[in-house]
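Protein chains in written order, with the working numbering: chain A, 1 to 232; chain B, 233 to 599.
No lab work stands behind these hints, which were simulated from the structure alone.
Hints may be right or wrong, so weigh each one.
Stated by the list, open to error - 30 Å max Cα-Cα, derived DSSO-like pairs, lysine-lysine:
#1 K358/B - K537/B
#2 K313/B - K98/A
#3 K136/A - K83/A
#4 K358/B - K376/B
#5 K163/A - K100/A
#6 K163/A - K557/B
#7 K100/A - K557/B
#8 K358/B - K313/B
#9 K98/A - K163/A
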Amino acid sequence: MMRARLALLAAVTLALFSSAPAAAQINEELDSPPRDFSSTEGIALELRIGPFQPDNEAFDRFFADDDGLLLGLELDVIAFRLKDILYLSGGGIVSWAKYKGTAVEEDGTEATEETSLEIFPLSLLAVARLDVLPRKLGIPIILTGKLGYTWMNWSTETGGSDKASGWSLGLQYAGQIGLDLDTFDLAAARVMDEEWGINHSFLFLEVHGFEPTGESLDLGGMSWVAGLGFVM
Amino acid sequence: MTRQLLSAALLAAAMLAAAPGSGFAQEEPEETGNESSGGIGVQILSIGGESPELGTIWIGLDACTADAEVEFRLDNFPTGKQLDVYVGVACNTAGSRDGEGDDCDIIAEGLTLRGTQDQRVMLSAKDIVSIALGTEGCGAQQSKEPIWFLAVDSPGTTAAIGEDSYGSEPLNIDTDPPDAPISIVGGSGENAILVEWRAGNENVDSFEIYVDSSGDGTPLRDSGVEPPPSSSDDGGADEPDPEPTGATNDMCGSGALTVGGSADEVRSLLTKDDLSATATQTTLSASDVGGASAAIAVVALDEAKNRSPLSAVECVFVVPTTGFKDALGEDIPQGCPCSAAGPAQLEGMLPIALALGVIAYRRRRRS
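Whole structure, please, built from the sequences with the hints as guidance.
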């Protein structure tokens, strides 16, 4: 009987001692301020699509009806982060568009032969992204400015031959307004961060321009592009 | 214990017999592209002396009209028996060959084979087609009833044939040529001259383009002669071309191409038989055209290689054209001395940029 009582006492003591740290931890978590769930922000990624037509007389003659649809991917590495206010980044955009038109005969009538132009712009940019409005004021607007340089490779052919190619270099600039998606569903944003490391996501509309140098084929112009962006 | 050992031995023997490549396993018949059934192996070796392509083997109108010989190879033919050949459905069953109804029709009866393996049987394509289709001549129909090779003791027997004493082979007969292509459009250009058309009906497997060059003579483009009617003039309506009239196109070509006619007499023949049924346009090079202009026509082919009549005849013209490059002028600015690089280099930068981004991202996460 004595042995049974001693065993019961030992078991109760062991249970009390083993549960004490866990209880203390629970109390500590309840008392402490909520943990900042967000992971470190390293890069911004943009998937971009939009029309683009260079301001070029020859282009207008053959490809006036073709918007091309400039497809692009931008990757920015975040160099400086002023928390909940501003990102300063350096990044690049790789884009592509192809235009198709009809060659013309000597008398100006349209032949059935195809003439085409393909552009492959590569841009290096400095990017300033201001996200103070959604983070501090709950207004889901992100404002972004970009300035940099573009190397645009172009190539053309008519009827599968008569080919030419070259580069068009010049200043690249852009202004972007973004719609911060985190503001609308913070819980989903938290899940995306925990599962994928995506801190923020946003839709954007960007106006961009390209000013080629005098030595380049003039394939410059202004246009707009829309897309989806992520900060990771 | 003895019983267990015996069972194990039997099981092992059964597994060995079932294993592919084992001495016990039955040899599989050679791959022909068609399935055969029964104990006799059947394979079509040639039609008109030409080996058929792998896949579904067709007997077409050309083989029938030329009365080509179709060569079959038979294997595992039982000794001491004679060969009856039928076309129809389930010709090995009793009653299927009694002449009542239209189950099976006899092609050959009482043939004698010298051996059991690699026995060659030659049958007339015309006989096969006319019997399979039930027509006098080659007809213009399709049939996919199998051909049956029966090993019989008495020729013409209507009794059921055992599993080891017959073989069959799917027989694909098509003596119905496709309709001529419609809506032919001949283009103009300097290096790539477009030719477009539409299939006349759905029974099409490929197309051939025929070019009758005018040489370097002046195109008769302004001669005022109206081209023959074609559906390309009907605004794309779905109605087929009118019946062949024998007309050619007086504005181009030598006149050898005639609507609904044969392409056999065409000079400067260009055949594009690698086009699929879905490819209803192609481009000709200037050398294909062979001069300032040419007449073109299109022929459709079905799976059995039956050829449609020639389509309407249209013209293609080789003319100097101006494209984007020409519009840029003589001295096109190159931008920089980096023209050795190109899109391939830029494409290569994308994964590099992504890799750099990922590295930066991981370093920041670690920190």
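Hint by hint, here is what the structure shows:
no.: 1; hint: K358/B - K537/B; result: holds (16 Å)
no.: 2; hint: K313/B - K98/A; result: violated (71 Å)
no.: 3; hint: K136/A - K83/A; result: holds (10 Å)
no.: 4; hint: K358/B - K376/B; result: holds (16 Å)
no.: 5; hint: K163/A - K100/A; result: holds (14 Å)
no.: 6; hint: K163/A - K557/B; result: holds (7 Å)
no.: 7; hint: K100/A - K557/B; result: holds (13 Å)
no.: 8; hint: K358/B - K313/B; result: holds (26 Å)
no.: 9; hint: K98/A - K163/A; result: holds (15 Å)
Checked against the numbered hints given earlier, this structure breaks only hint 2.
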